[in-house]
Each structure stands twice: as structure tokens, then as C-alpha cells.
Amino acid sequence: MIRKLLTEGMDTHDLTRLDVYRGRGGYAALAKALGGMSPEDVFNEVKTSNLRGRGGAGAGAAFKWSTLPNDGRPRYLILNGDESEPGSFSGRMLIERNPHRIIEGALLAAYACGMAKTFVYLRGEFYEGYAILKRAVEMARDAGLVGERILGSGFSHEIVVHRGAGAYICGEETAIMESLEGKRGHPRTKPPFPTAAGLYGMPTVINNVETIANLPGIVENGGAWFAAIGPEKSPGTKICSVSGRVRRPGNYEIEMGTPLRELIEEHAGGLEPGHELQFILPAGASSALIQPKDLDVSLDFDSMMAIRSMLGSAGMLVCDERDCPVHVAYLGARFYHHESCGKCTPCREGTGWTEKVLYRMEHGQGRPGDTERLEQLCQGIGGRKCLCLLGDFSVTYLQSALRAFRDAFVAHEHGSCPMARQEVAIR
Amino acid sequence: MSSNPSAGPQAPAAPPSTVSCTIDGKPYTFPRGTLIVDAVRQVGRPIPYYCYHPRLEPVGACRVCMVQVEGPPVATRGPIVTTGCTTPVFEGLKIETMSDPAKLARQQVLEFLLINHPLDCPVCDKGGECDLQDFTLAYGPGKSQFAEQKILRHKAEDLGPFLVLDQERCILCQRCVRYENEVLHEQNLVLKERGDRTVIDTGAGEPYAGYFSGNNTELCPVGALTSHTYRFKARPWDVRPVPSVCQGCSLGCNLTVNLRGPKIVRLLWRENQAVDAGWLCDRGRYGFGHTLAEQRLATPLVRRDGELRAATWEEALSAAAAGLTAGPAAVLGGGRLTDEESLALSQLARLGLRTNDVDWRVGYQGFAAPAAIGLSEAAITDLDRSDLVLLLDTSPLEEAPVLDIRLRRTARRATVIDLGPVRNLRHAASRRVACAPDELARRVAELAPEFAAAQSPLVIWNGRGGPALAEAVAALGAPLLVVGEFANARGAEAAGLAPDLLPGYHAVGAGAEVAAVWGAELPREPGRDAAGILNAAASGDLQALYVVGANPLRSFPDGELADRALDAVPFLVVQDLFLTETAQRADVVLPALGALEKAGHTSNLVGQSQPVARAVAGPAGALADGMILRRLAAALNVTLADQAPPEAETPARVRLPEAGGERPGGGSGEELGLLLRPRLFAGGGTAAFDPNLEPVHVAGEVRLNPEGTDRLGLQEGAAVHLHGAGTTVRGTVRLDAGVLPGWVVLAAHDFGGNRLGPRVRVTAVPAAAGVAAR
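Taken in order, these protein sequences are the chains called A and B. At the far end of the first sequence sits residue 427, using this note's numbering, and the numbering has no gaps. At the far end of the second sequence sits residue 1201, using this note's numbering, and the numbering has no gaps.
Simulated from the structure, these hints should not be mistaken for laboratory data. Honestly, I wouldn't trust all of these hints.
[Stated by the list, open to error] Under the rule of at most 30 Å between Cα atoms (straight-line distance), these lysine-lysine pairs were calculated in the DSSO-like manner:
1. B/Lys521 with B/Lys577
2. A/Lys64 with A/Lys190
3. A/Lys356 with B/Lys570
4. A/Lys233 with A/Lys183
5. B/Lys582 with A/Lys183
6. A/Lys117 with A/Lys183
7. A/Lys4 with A/Lys134
8. A/Lys233 with A/Lys293
9. A/Lys183 with A/Lys134
10. A/Lys134 with A/Lys32
11. B/Lys582 with B/Lys570
12. A/Lys32 with A/Lys64
13. B/Lys619 with A/Lys356
14. B/Lys582 with B/Lys521
15. B/Lys521 with A/Lys190
16. B/Lys660 with B/Lys582
17. B/Lys660 with B/Lys690
18. A/Lys190 with A/Lys117
19. A/Lys190 with B/Lys530
20. A/Lys356 with B/Lys577
21. A/Lys190 with B/Lys619
22. B/Lys582 with B/Lys619
23. A/Lys64 with A/Lys4
24. B/Lys577 with B/Lys660
25. A/Lys356 with B/Lys530
26. B/Lys453 with B/Lys521
27. A/Lys190 with B/Lys453
28. A/Lys117 with A/Lys32
29. A/Lys183 with B/Lys619
30. A/Lys32 with A/Lys233
31. A/Lys4 with A/Lys32
32. A/Lys190 with A/Lys4
33. B/Lys582 with A/Lys356
[To be verified] Residues of chain A clear of chain B, computed beta-carbon distances all greater than 10 Å:
34. Leu5
35. Thr12
36. His13
37. Ala196
38. Trp225
39. Trp353
40. Gly364
Glycine included, each C-beta is placed from N, C-alpha and C at the ideal position.
Put together the whole structure using the sequences plus the hints.
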């Protein structure tokens, strides 16, 4: 049986309505926490649960919280809902269809860590999610679930919903803070880390909305219950967004550790008849591609790392034999060139250069040496030479494509495409 | 909130304050927290950087200061390459600046920086002193692999009165943007667009409006931000640097004059942390155009048959000597002389003209040294640690601009009380206490408890306001920074260019030590101050007036009195660079050399005597004030002493005129009280004649509080008439909520404002009249 922790009831009920959400057990975890648990109790349950961040890096949620300095300064919680990764749309679904779960999770995190205020940062394009989440916060406030003395307890908390202006970089945890402060969305240098000096210089925790949405279940059923789901080191479930050459693209909540093959072939209905898998980009544009030989990998943080890829946001872009890797690489390069914030040199200049080379290759104007040039560019941008990870992400997929499909790239140097591409999955 | 879920064991003892590490194999010790880039610089190893600047916060943007580091806390990962500007040194860290990975990383960054760069070095002003050129030569790849189309952008974009931007040359190091943000707390320059489309621009696309734009051209490591005045003028290897000191205001910022042949092509900062913290204002940086201005006086003039006609120096000096000794004479001015010249003028007045009717205070009548009113002196750097600052009806921004930069930093940390009828601190949080000029003393007295409680309080004041206000300030007991009215007000006062002072702050009548050095008896009766001198002249009590580097018709608060005095005095000698309104009335005009054209010393507002060099020759027919004084003294049979008289053990006090010579009225009915307040570019000194400053010249500016202006039909930019006592002046309205309601503020030195008297009526100029006038 497939366990659904986050999407439970979403297909059959309108969970954006407070009465429906509460009718299905919503805000019970909050009541439980405020009714008899100390902040330490809540923190300990989350620690026991071994919940890892769903934003991509997979850092332990409780570990992040534990690095907050105990110096009396106000602490802030930022919910990262800037979901801008190509092929990732799980957060959007949660925001639009289960907003109270996010609010409840935020309140639990805030209670555990003594946060002064929560800021939900939504991607600029989430007009609808913004309206829904804002309305949900208002409903919760009217019901005494947000604001002063929540549920009659001594705990008070405010939630601010903010919509960005449409920048991929604002999903980066320091750029998100700059953006919230009204500045350009540029990443900051680290250290200091956000937990030491974050939003407005105050200790700040940034959690993905999906991470936070896990908290009500953990508090309600206990950390041990959660820790028992899936692999020991990556417990819980993950909502995977599957798109591209599959018969049933969509969001699928699976237990961590589920084989990738099961996700693609069973949940997403497999590839279209008569076509075969060529590669999968498992975390949107920012991860190394997965070849068919690795299709049996378990979907959890560590197993994905073991095959030199990553689970990341689990936005699976599935490509079959019609999709030329050079074309997909060009689309990725175009994306990163467009989204590079321009603060640091290698990413700002390198992404543009990469796109120009790939544009030529893709348009029959390849030149001998282009493949090598791309390899050198990846080397110049990647390897932690940039200020933030966007630079590294912008070459990870490309380097893996160059490793796996070097022949295709070399062929493009001479103006030909071996894939005989007719149409493309992603534009 | 007390709970930290898992605080964990805290480090028991404070870590040692220094760390030891190696740089290129040699061991060094640095204070904890030192950035690698600073450490490498300190030990004299080369390291390239663009975004890093010692006076700005590190940002880690250009990525060119890559070094290889190994050791804790990165021991487990082996050597890695990282940016020196964002990584502090750690105990046991091994830093390699020239390892292969570090060299390769720098090479790649430099290659990236050049792919969209126009490589137009042959026509770039920065060529020869460009970090992009230099570091590419030292660390870059010999050849670029880039074979794509470069991004094309705007070249020679006009950003304002002084700045020009070449977008293609910009490497987006953000030094300018960060300077605007961190140092000025303004946002005159910002980043627009994203990624490699990013460009520098002014905030709203409006011309750059601040007073400190020129610093950007020196911060810019490449040829992106250049100045209108220097564009295509010289190559760095063609210019000759001459260290000097700015004499645009009393702060005395250090600078370097750059000459190409006989001409000044630019002025550069010369960092002196104790004075200017490394910055210059635009008036100081660009106000050298007067050295070559066409209107410069190049020959002495003597009035014959009612007209000023060219004369030889001999004719002019003997005419001056004869006129000045024909009867009682007085001396006005001296605040723009060097220390040596001030002493010479003081001696000439006392021994040659036998008078104590001497006053440097031709504008408002204050003082220059805190000791002159019995107060202790603050250092400029005291602002960096003060917790309470009183800004007393003084505008550092308009009167000593670079001091305002330091004050903005202070205001971020400490309480700054901005007291007076006009808001003076605009760019930082401060406590504004608005009050009319006649309430100042009472308001200052109210601050006494707060000052008593402060750790390190300080008062910034320009000395205007009269004895009661000085007494109130003295009662606060805080050290004082006096923003002088003229560049060398301090030197003039110290030289005794005041009716009751002799050189070295000896009192008039108690000058035995001075007399001993000068070898002559001194006049013993205290003289008249500027207002007294002008009154005496107007009523026929003076036979002659000698005005040195001053223009009372523009600057004296009661312009009408100055007018009558100059009309009535039988003989007038004016010594100046230009034929000012006052010089036009003279019987003898002596052409003088300007600040950058003569050598000597100048004392800044804290009395620090700084040497100035003769950078340029100036007009051939003009002489340095010191030389004029020497020759005039010879004509008067006075031998000027080379030696300065000794300082008095207890400095004598200066008598302050009531209200500092100002006649504040206060509004009543339809009338508004008139205030004359300094404006940097309104034409004091050489600014009125400087072609470089022409674009920012302030004239006819009428500042009013928006309150009640609707009723008068006055909007921003409206043409208005100001009707004062017997005269009408035309101007343009600038609504300014920082002005106390009921008052109107005109720029001091802006011609005509001082003729209006204490109260004015403001009326809109009828539309038809406005068109006709244009």
C-alpha cells in the first residue's frame, strides 16, 4: 500500500477550505503541540524523525534548527516556495491545494525554534498559489490559528506571504533573504550562514515548503513513526514531479527508497509505446543525468548521490531516443544564462558563453573543438569557483551529458545530429 | 524565548586573538578574522582583485583573488581554490598564491571578464592604470578562446554633471554601487537587469545628483566610470603628480594634483584617514577649472577717470600704499590665505596701517578655534566613536562635504541631533529638532542632561549664532568641531586677523611677545569687527578699506550695509582672483594667485597645518598673496617678520557679535523670515567662476516648506519674486520639508539674497512675465 503523508485527501477534498482541512484532522498536531508539548519536545520529535530537507541539499531539518545561536535576537523562519527548477512542480501543488498543511507546519517549526515571524517566499509566477495561501493564512488567523495567543496558548506567531518577481536565483537561501529585504536577488557570501545572520541580520532558518509540510505528521504520530518510513537515512515520502516522455506526467508522492524504475514505469505509466528511455534529469536542470542502466536506483538522497546524481527537488525530466542530448543541453544553457544573477564573473560570463556555443552546435554551426571548449567552460565555472551553487548547477547536467553522449556532441561539431530529432519533450 | 533546542556544548575559552598560517611557504601571524586578501597584501605578495577594496565591505563577486588553501577547516577535502576576499585566515592554514590550480582559476576568471569587454584600450582613459590591463598581463591567458559575438552596449553614457559610463568596459565589480550604498548611504548608482545583461545606471535614470560622484571614477578598477573633465585629456604616464591639500572648504582633504604640461588635468584623492578617510567631494575634485578660467585677473587695475584700467604692479602698489595711508584704514578678509600669508596680512595691518580694524569673518561672524570661546577641541576621528553628536544649525554637506560622509557613518551607530531651522542631515537616521534661530540657545540648554549622560559626546558647529549660543554650547561641556566659514579660517584667526586678537591668540593690548618678534609697537585699542568696519565706512569714519580674498557684497549677511560702505569709503583696494562685485567697486585691484598656484601651509578645521604645493603657475600677471603683501609692506616701509610670534599660554577669547551678524526676523502675516544658508555650488569663492562646476551651479534657489505654499500658489519649480526691504529678487521654488515653516532659505553667496533684509514676501511671477523674462 502506498502511504501518502502530504497529498492525502488532496484529490478528493478541497483542503484549501479550513473546515475541510480541520475535519480531516488538520491542526490537530498544532493543538497537540501547544496543548502539552514544550518547544523542546517538538524539536526532539523532529530530530528523532530524521527528516531531511526536501529543497535539494537534503540537510537534516533538526540539525539546521540546532545551529541557531541562543543569543536572544529575534529568529525568523523563511519558507522557500520559490520553486523555479525546470520540471519541478510539487511545491506548487502543495501551496495551491494543501496550504493549511504548510501553515500548520510553519507554526510547529516556529514553536519549536521560537521564531518571531514566518515569511513565505513564493515564486513570482505563482499568482494563484499566492492568492490561495494568503487566503488560507487569513482563514487561519480568523480561526485563531495565526496571530496572537494561538489556540489560547501563550504562543503568538505571524505569517507573511510574499511573492517574488520571477527569478530562479531567489530560491537560493541567501538571495531569498536579500529579495525579502527589498534588495536585488543576489546571493550573499557564506559564512555567515543564515542561522547566524540571516534575514535583516537575524538568525534565520530557511526550509522548503515540502519539508515544513511534513511536520504535522511527525508531531501528531511521533518522530519514530516517521523515521520508520522508507530508508533509515532518508525517511518519509517525497513528491516527485515527472514530466517529459511518459504517459502519465504528474506529481507522485512515493515512499523514499522506491526504485526510480517503479516511479517511471508504474506511477507515470512508462514511456510512450515504441520508444525507449535515453536519459532522465532527476532534479530538473541542476543534476547529473541518469542513464537507463541506473534505472533501478532507489529514490533517496544517498542512493542518488552514489550514482553521481542527486535527488534534489525530484523534478524528473524524462527523455527518450528522440531527444538529442545536445538540444537538451542547449535548453539548459539557455535557462542558466537567462537566470544567472550576474553577481559573480564565472557564472555571469560563462553561462552566456556556454549558451552561444551550444546554440551554434544546435543550429548546424558547430566547429571543431566545441566539445572540448564546453568541457573547459564547465571546468571554469564549476568546482565551487562561483559565489553560490547556481554556477555549479549550470554545469553539472552538462558535464554528465558530455560524459554520457560525447559522440553526439562531437557529431554536432560537424553540423549533424545523430538523433534524427523530430520533436522535443521540453522547450 | 530562552530555549535553544540543542545548544550543545559551548566553546569554553575565548580563542586566541591571533592565528598563524603560511603564505607561499613562509609562516606569518595575523589578527583573527583577517581576510586572506589582506594577509597576502600585508606580506607584500601580489594578489589581483577587482571587487575587493580596502574601504568597502567584501562581496566576493569578481572571483579573481583566487588562492589555494589547505588545512583546517578544509583539511579533509585536500587543497581547494577559494576567494581570498571572503575567506579569513585560520590557524594552520596553508595559503598558496601561485599554485597551478590558483593560477588556472584566475586565468579562467580573467578570460571570462574579457569575453564581452571591448578591448578598446587605445582610446580608453584608464589605459596605463587599469587593473584589467595589468592583471590580464600578469595573470591572464595570452589568448582568448572566445570566438562568439560580444554583447554590445552603450558607450559614453552621460550619468550626470561629472560622470560618464562606458557599459562595455564595466566588469560589474560593484565597487561604485557598494560605495553609494555603504559609504554614502545613497543609491545614486544601482545595478539594472540581470546576468550578463546587467548594467550600472543611476537610480531612476535621472542624472547623478549627489556631491560625491567623482570618487566612483577612482574606485572603478577599469575604464567604465570616467569624468567629463578628464576624458581624453591625458595618459597616466604623461601626468606629473603633485601632492597637495584641497582648499575648497575648511576640512582640508588631501589630494594629488595631476598635471599634463602646465595644465591641471585632474585631482585625485590622497588618503588621510584622520581627515578625509580617503574621499573627495565633487567641488574639491572638479573645482580646478578656475585655474584656467578666462575671467581670471591677469594684470593689476587702477581706477583712472572713473574706470578700472590696466596698470603695472609698481603703479598699482604705490597707488594702494598711498590710498591706504591717507587716513584711517581697515582690512576685511583673509580666510582664504595660507598660514604664512595670514600672518603677513596681520602684521601689515598692525604695523603698516596701524589699526586693529581687521576681520576675516566677512560672512557670518563666528570663530574658528574652540579655544577662542574657551572650549576643548574634538578630533575629526572622534566622530567614529562618539555616541552623541549635536549638529548645531550647520550643514557639513554644504560646508565641509567629506565630513558629512563620516557623519553618516556615525549616524548609523550613534544619536545625531540635527538642531536648527533647516534640516541638515538628510542621508541617515537622525533626531531632527526644528527651531527658529532665536530659540537655538534655549534648545541647546535643554540637551544638557543628555550630554551629561553621554560617554563621548561631540558638537559640530560653524560658530554662527552669537555669544548666548556659544555660552549654551560651552555649558554642554562637549568637545567641539568648528566647521570654518573659509578654507583657512583657522589660520586667519590664529594669525590674529580679528579685531581683538593678535597672532598666537594673544589679546590685543597684551601683545608684548608679538611686538618683540615684530620689533615694533602695536596699536593697543581693540578694533572693529566686520560689521563695525562696514558701519564705520558707511558713516565716513574710514578713509580706506583693504579687502583680501573676500566679496562682502555677496557674502556679508547685510548686503545693503556692505553696499553703502563700499559706496562711501573713499578708497578701496581689492585683492582677488576675479573681478567680483566688490572688486568692480575698487580703486585698485590686485590680481592674486589661487590655492593650487602657491605654496605654503593651510590649517584645517581642527588646526592641523598641512603643506600645500605650488602645482601650477597661474596667470603670468598675477602674484601670490604673500608676494603682494610683501611688496605692499615694502611700499609702506614695513619689514615683514619671517618668524611667527609664539602662542599665548592661555588663548585669548574672541568677542562674538550678536546673532553672528545675522538678522533673523521670523515670519509674521504674509511675511516669511529669511535665512541665508551655505550651499556648496552657490558661488562662494572660486565656484562662481569655475567652468567645471558650471553644470551644478546653484542660483536663485528659494527653499520653502511645502506647508501653506498652495495658498500662495507656489509649486515646485515655480518662478517667484522675493520682496524684501526695498528690493526684489527673482528665484525658483524648491519645496523642502526640512525647512521650518514660516521661513524661506536662500543660498548664502547667491547674489542678491543678502539685500532683502530679515523678512520677505514671496509672490508667484505672473506667467506672462515669466515668459517675457526668459
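Compare the structure with the hints numbered earlier in the document and write down the numbers of the violated ones, lowest to highest.
1, 4, 14, 32 and 39
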